[in-house]
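Asker: These protein sequence lines are chains A and B, in that order. For the first sequence, the working numbering begins at 703 and goes up steadily by one. For the second sequence, the working numbering begins at 703 and goes up steadily by one.
Don't read these hints as lab results, they were simulated from the structure. Possibly wrong hints are sitting among the right ones.
Since the list gives no way to pick one copy over another, a pair counts as held whenever it fits inside one copy or between any two copies.
[To be verified] Cut-off 20 Å, straight-line C-alpha distance, at most; resulting in silico cross-link-like pairs (SDA-like, lysine to any residue): (1) 746 - 889; (2) 882 - 994; (3) 746 - 886; (4) 818 - 878; (5) 818 - 888; (6) 746 - 892; (7) 760 - 858; (8) 746 - 880; (9) 746 - 878; (10) 882 - 821; (11) 725 - 992; (12) 895 - 993; (13) 818 - 802; (14) 818 - 804; (15) 813 - 724; (16) 746 - 888.
Bear in mind the structure is a predicted one, so any value in this text is a computation, not a measurement.
There are 2 protein chains.
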Amino acid sequence: MVATDNIQKTPEDATFKLAAYLKERQRLCDTALDQAVPIIYPEKIYEAMRYSLLAGGKRVRPILCLATCEMMGGTIEMAMPTACAVEMIHTMSLIHDDLPAMDNDDYRRGKLTNHKVYGEDVAILAGDGLLALAFEFVALQTPQNVARERVLQVVVRLGRALGAAGLVGGQVVDLESEGKTDISLETLNFIHKHKTAALLEACVVCGGIVAGVSSEDLQRLTRYAQNIGLAFQIVDDILDITATQEELGKTAGKDQKAQKVTYPSLWGLEESRVKAQELVAAACAELEPFGQRAIPLKAIAHFITSRNH
Amino acid sequence: MVATDNIQKTPEDATFKLAAYLKERQRLCDTALDQAVPIIYPEKIYEAMRYSLLAGGKRVRPILCLATCEMMGGTIEMAMPTACAVEMIHTMSLIHDDLPAMDNDDYRRGKLTNHKVYGEDVAILAGDGLLALAFEFVALQTPQNVARERVLQVVVRLGRALGAAGLVGGQVVDLESEGKTDISLETLNFIHKHKTAALLEACVVCGGIVAGVSSEDLQRLTRYAQNIGLAFQIVDDILDITATQEELGKTAGKDQKAQKVTYPSLWGLEESRVKAQELVAAACAELEPFGQRAIPLKAIAHFITSRNH
């Protein structure tokens, strides 16, 4: 069970403190994720899954899911299994992306990547295990006060965000684009819409579905999420250039080294910053009808562009 | 839509023809799987997914699912999305198992393995894509005459059969056991219960869940499936020794070459054959209460031990 008695409810005043809000919800997510993966025989696979899942991520995705559910009148308990599932899917995508056959990364979140610790074979399986658990967890743990049809819709959205129409499709185009310096803005947008924005969108949309939103509100949530998804990627590209490895917790300057086409390489740093801010403004505009209840999601949108790691 | 008008219904007489039954249902599954994965942009990932999914498998798993659903009073239409999902999960596990970091196999079902054709990176992603699609497909395509709670139960069972408590867990212990010649029967049983039997069990059990079986019948189905699952693996081990590469469609004699502990290496070939037949008999005994409707599942159980590839 998630203990939420002492948790700050969705704030309806202007004294909202984002840092405290994020910290509180991060702790809730960490606890739920910790409980979601026990260590039993065969220990190695559970340890490998936990190694990456509990590596101290910012939990932006699950927090987006919880915040949307609360904004739309639902509770943290209703959305927590879905929130855990999106973090499991996100973690799985990082483990597989870091593999030698893919991006071949040695560091992630300031720690050795999964395959550097457990070997490639176990890392592949740890990803598969997290993915399987994500779907099992949503279907099994979502409380009964969420209509079963809504839970199935969440499964559909998560599957789509992860599969060839989402993350996997974006990653394939990204791999095909490697080493090419003539990537069009259209292709770059496709990659990031699918690699990054699709899962962020699923977080927000599924948070709404669990709370039982109307189809009109679902459209608003979708546009909010798509805008912050692209802003998130632009900021990631900027940070790859401007931040240090220590700040990022992963290899810095990788894009430039690989002569990768990025938003800053197309638009320049300053123009990229402006675009990211415009996207965040557009995202927040979508939430106007939700009034004071939208404060956390708006603050998270601004947080995304102001972060330095 | 699946055209089932001319399909032989679950037979209730002794003139049952297994070969025709399997062929008919294999064709139905092939058609449904073909329709489940279109080729759209980015084509490469869909082609890679289709390459392994439509590589001419025997469709034992989806047929088990359909047959169980029919035996318990359900229809082919009710179980087909679940049947497709188990084949997607099975295919994904083969793609990942064949990777250089895992079993490093070049041939599967008589064709080059996925990574030999599309590269390791795309093969990893094709597996992930099939896995995501499996869950999306069940949740989206199962017809409305199947209660939503049952569909969620299917999602749970599939996730569990695939994850660390199933396939993935079995594969990890298998990898840890590699090169060891002192593997106990207990460990060997663990590996195969998880690597092979868990998904076979899910096929049968999910077919029953979709049809709305009682918990007592679910227990019977579970025991039937566990018995044929183990028999299936014993026969696989026997065939690795006795069959040619041409018959198997994959590298033969791999176990012996790797000095792998197998059932025949523990019991000898003849004793292994006897054990497999005993397991099939025990499996069929579980189905006695279902009378004539159990004929296909009994025939499939016998088919598993008499196959030569």
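Asker: Identify every previously stated hint that the structure contradicts and give their numbers, smallest first.
Answerer: 2, 5, 7, 11, 12 and 15
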